[in-house]
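Enquirer: So the chains spell out like this:
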Amino acid sequence: MSSNYRNFQNSVPLLIIILEAAFIILFYFFDIDNDDSPLSGISYPAFQDVSHMMIFGFGFYLTFLKRYGFSSTGFNLLIIVIGVQCSMLIEGVLVSFLPNKIEDRLKRRTAVVSTTAVVISSAAVLGKTNPVQLIVMTVVEVMVFWMNRWINTKFLQNPDNISMMHVHLFGAYFGLAVSSRFSEPSPRSEKNGSTPKSDLLSMLGTLFLWVFWPSFNSVLAADSKGKAIYNTYFALAVSAVTAFVLSVLTTKDGKFRMSHIRSAVLAGGVAVGYAAHSIEYPWIAMILGLLASVITILGSYCLQRCFHATLEIHDSSGVHFTFGLPAVLGAVAQVILFVIKNWTNLPSLHFFVVIHIGAFCFTISVALVTGFITGLILNLKLFKTTPVSKYFEDQFYWEFPHLSVGF
Amino acid sequence: MSSNYRNFQNSVPLLIIILEAAFIILFYFFDIDNDDSPLSGISYPAFQDVSHMMIFGFGFYLTFLKRYGFSSTGFNLLIIVIGVQCSMLIEGVLVSFLPNKIEDRLKRRTAVVSTTAVVISSAAVLGKTNPVQLIVMTVVEVMVFWMNRWINTKFLQNPDNISMMHVHLFGAYFGLAVSSRFSEPSPRSEKNGSTPKSDLLSMLGTLFLWVFWPSFNSVLAADSKGKAIYNTYFALAVSAVTAFVLSVLTTKDGKFRMSHIRSAVLAGGVAVGYAAHSIEYPWIAMILGLLASVITILGSYCLQRCFHATLEIHDSSGVHFTFGLPAVLGAVAQVILFVIKNWTNLPSLHFFVVIHIGAFCFTISVALVTGFITGLILNLKLFKTTPVSKYFEDQFYWEFPHLSVGF
Amino acid sequence: MSSNYRNFQNSVPLLIIILEAAFIILFYFFDIDNDDSPLSGISYPAFQDVSHMMIFGFGFYLTFLKRYGFSSTGFNLLIIVIGVQCSMLIEGVLVSFLPNKIEDRLKRRTAVVSTTAVVISSAAVLGKTNPVQLIVMTVVEVMVFWMNRWINTKFLQNPDNISMMHVHLFGAYFGLAVSSRFSEPSPRSEKNGSTPKSDLLSMLGTLFLWVFWPSFNSVLAADSKGKAIYNTYFALAVSAVTAFVLSVLTTKDGKFRMSHIRSAVLAGGVAVGYAAHSIEYPWIAMILGLLASVITILGSYCLQRCFHATLEIHDSSGVHFTFGLPAVLGAVAQVILFVIKNWTNLPSLHFFVVIHIGAFCFTISVALVTGFITGLILNLKLFKTTPVSKYFEDQFYWEFPHLSVGF
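Protein chains in written order, with my numbering: chain A, 16 to 422; chain B, 16 to 422; chain C, 16 to 422.
These are calculated hints, taken from the structure and not from any lab test. Some clues are possibly wrong.
Heads up, the list lumps identical chains together, so a pair's fine if it works in one copy or across two of them.
BS3-like mimics (lysine-lysine), calculated; alpha carbons at most 25 angstroms apart, straight line [to be verified]:
hint	residue 1	residue 2
1	K240	K206
2	K270	K396
3	K270	K356
4	K169	K212
5	K405	K267
6	K81	K212
7	K212	K240
8	K267	K240
9	K267	K169
10	K396	K356
11	K206	K356
12	K399	K206
Next comes chain A alone, as it looks inside the complex (with noise of 0.2 angstroms):
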């Protein structure tokens, strides 16, 4: 273990330097300057709600387990900082390579966005992957799921925020391909849990992402960014009551889980994401958001005890049933949605339904095929896989305060 932590502490600054090292020469090559930052794209308010959604709310989200709160909020600035960077030097390099069509398509593209895919993904490999297999993953979830975009946008006609909302489904469905290759921690652990605590910390982090959540749907909205600030707000209210309905009637005893209510409470901001910016009535977004509650609370009631235990996938923070299912539930609506609202214009319908289904379809299985194909990558010997006795253990990381003196 000690010859493996020495590989460890070699192999991180020389993948960040590298990194670090092309992303500077290849921003100075293809000259991509502020102006055009895909990043002024959006106004500045909201580019900061997404940010401080992003390096704050999920960094303290996944504070939950016991001894990995350094970790958590550590590795989360480091992913989404190296996520934006790439996202926004893939971006300047498709602009510089693509005709002008295509680059008006792209250019409203935010790369903070992009790097949720990451940090759900991580998530669910929480605690159990060293920052060298973290910063592989993001850097090829990056690529990848800019491709999926790309091809989405390009060949699939799907409008921009849509292909963009993909970004939730992409990041749990890639997170748990790569989590199925990674061995299971052992049932007896006792890491793998939270303290009261640090169960608050991450109630901290929820808050705030439910707070902001409004924000990130609008950020992408042109011209209804006000229907979707407040579908979602619905969505998101509706959603909180019914987490605490259905944690009492699924817990043993009748009590409130602090899990159920973390993940329920966002189910509705997911799902609701899609069809946002043109939901007419509150009331929909407030039946939407009731139903993301539901198959959450019920997923990870389900999913846990049978589906999860046959595949031996080990979701650490449930992405599954907080990203993954609700971004389905939201995807399906919105193609509902859809058809109700347009039932006697059936050839435009049809066109429609195909492409949203297959843009929908064809995400989720890339998402599978690339995060497993990246999962046996991430195990091969040259990464140096943080042994199961070690999972969920800041101190294999980090040095301990009472281990140090100075400042």
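Dock chains B and C against chain A, hints included.
Expert: Positioned in the frame of chain A, the structure of chains B and C alone reads:
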């Protein structure tokens, strides 16, 4: 007690499901749409700031109790989302029933701001109510508060933003009246205290409230937003300074007490709420902030010794002196400032004073009477009151990490 | 010690009351009104972001000490509100005394930004000063900083935003000079350390600062706000990445050290402050962020071993390498960038270089000299210096919830 708990387990889901179903159905029938949304009366950044304050700021402001962190943040979220939906619905209903003129006057309201009353009241009974009681209280209070505002605006000709600012006053006195009907916690109980960690988390929430308070006070000021913001900032600054002075002067061994700081730093913001948009010079706001902080700390010193002991009221988080007294001060100050400014114009002056004092007394009376009745109702056998021995105890409602296994 | 404490008890209220009375009276006499408010020069969202950074971000950034969380957040709030009032007053006084031309130039300043200097200085003496000393330091430092800016702007013809950016430089060196006059804590003391929990709370504050730093750097950039924002973001991103690399390389067993991450992730934001509005390409900002992170971590490695040990300076939170050195780098980089850009235009170039280097050296000298004098004054018997055994100890100033054990 076990049977007590069973009942709680059955009634929470039932109550919430009925309520939520009613909300969705009524939203559908009253045809409340997003464009007309009462939320859209204010800009998104302002709406988000207030939402952040309520969900996150108040949630953590109330975590000071040793073993009540989960309930403080969780139930706070629950009652806010129920309160907002309820408030929007009442507004939608009023708008569809009332003639046009009233409708205009009612439109620019914000559902989120109204829920402040509920949050404040719930703080007064913090740790003593079960979720069923909290939800019933929320629905009743939102309705009564709306009725009160409607009477204030229609019959007492009170301007919009003033009737809204009664939110602190109403919340505090309603909460106190409810609280008078609950038995006091055992004086030997240690649970009704804080730890350094819980105090620090509570400080976190307080600083959030402090930073966002200018947004709160300016959210309804139509034309003089800038004034409202900076007056609030000055009042808050001076209350913070004064809080430190008075804390040293009133504690036994001359040290700072965290609970003093926590309540007094916000007092200035509450007091200046009424007049924030009309104060001309910062020094007036500063004096108001100073006075607010003084009455808060002296209030906490005297009220807890004399007044509350006599009336057998137990005010868990000191809402009487944190929100109640500063709001009274603010209402009085607004009248005095108006009189000083317009003393040449006697007839209109007379009218103004009568209206304002009337509205103010009316609001307090309504809050006290309806709060008292609500307190009586909540103590019916039907609601399975939490036994005194289980006050301030998360474990009565929440599954605790070490007891749970999965996810 | 007990008598020591008595004195503290008497002097804190007295000092604050006198100060606050003076503020209110001077605000009245200098007729500072809200419309002319220096706060209103910047938009409310920007003002709020900076306020959030100062109050909340810095408050929690400094909670890393094991037993000093109450004082870190509480005293931080206290000195900021005093600093802001003091700063606004000085501005108001200058505006009323100075002729019109200067007035215009001075108007667009922000009182909140100036207090950054005070916060940084207070971090250098964190845990070693009592509140009376902190308040005196605040008032002196704000005055000296204003004087320095005034000289910079008037005699050295330094542009507004540059003279403002000296805030980090000034704060760090003033703080270090003050700190050199305080005795070092006992090396055996365990209080000068952190726990995993306090480190995590400090990370919370750091992430807040990280997210809001682009707002800080853009707040004074009149015309190229967008550029300032994105350059800062890139610099911060690269410093975060570099921080992880260097932390692994410099710690004994190749692990990450939280204190490295905490200071180095912000270094890029500090360094890019001077030139943020004028850098054309993100890769330049990225290189600056990289260099800033490097000098921060190498600085922490070397300075603590050699420089500080020799000079007997004890820098509680490492402000020298977190704010001081990156600010020096930023000032130098700005000059170099300007020279590269304008090397054809020799005469104006010469002038520019002299002005900037002059202003920079002048600011450091003023900070060091006045800081040293302030340090001497603060160690007068009058101020009842905290005994070394009570350094880093909340309980010396705060009433403790002493009865509680675990959460």
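Enquirer: Would you mind marking each hint as holding or not holding in the structure?
Expert: Do the hints match the structure? See the list:
Taking the closest pair of Cα atoms, K240 and K206 never come within 25 angstroms of each other, the shortest separation being 43 angstroms inside a single copy and 46 angstroms across copies. For a Cα distance limit of 25 angstroms, the shortest separation of K270 from K396 across copies, 21 angstroms, qualifies, whereas the shortest one inside one copy, 45 angstroms, does not. For a Cα distance limit of 25 angstroms, the shortest separation of K270 from K356 qualifies neither inside one copy, at 41 angstroms, nor across copies, at 57 angstroms. In the homo-oligomer, the alpha carbons of K169 and K212 never lie at most 25 angstroms apart, since the shortest distance is 48 angstroms inside one protomer and 49 angstroms across protomers.
Proximity of K405 and K267 under a CA criterion of 25 angstroms is satisfied inter-copy only: 20 angstroms between copies versus 31 angstroms inside one chain copy. Taking CA atoms no more than 25 angstroms apart as the test, K81 paired with K212 passes in both settings, with 8 angstroms inside one copy and 11 angstroms between copies. In the homo-oligomer, the alpha carbons of K212 and K240 never lie at most 25 angstroms apart, since the shortest distance is 37 angstroms inside one protomer and 39 angstroms across protomers. Taking the shortest alpha-carbon separations for K267 and K240, neither the intra-copy value of 42 angstroms nor the inter-copy value of 51 angstroms comes in at or below 25 angstroms.
Taking the shortest alpha-carbon separations for K267 and K169, neither the intra-copy value of 50 angstroms nor the inter-copy value of 51 angstroms comes in at or below 25 angstroms. In this assembly of identical chains, K396 and K356 lie within 25 angstroms of each other by CA distance neither inside one copy nor across copies; the values are 54 angstroms within and 49 angstroms between. Within a single copy, K206 and K356 get their C-alpha atoms no closer than 50 angstroms, and across copies no closer than 56 angstroms, so neither meets the 25 angstroms cut-off. For a Cα distance limit of 25 angstroms, the shortest separation of K399 from K206 inside one copy, 21 angstroms, qualifies, whereas the shortest one across copies, 37 angstroms, does not.
The structure is inconsistent with the numbered hints 1, 3, 4, 7, 8, 9, 10 and 11, although it conforms to all the rest.
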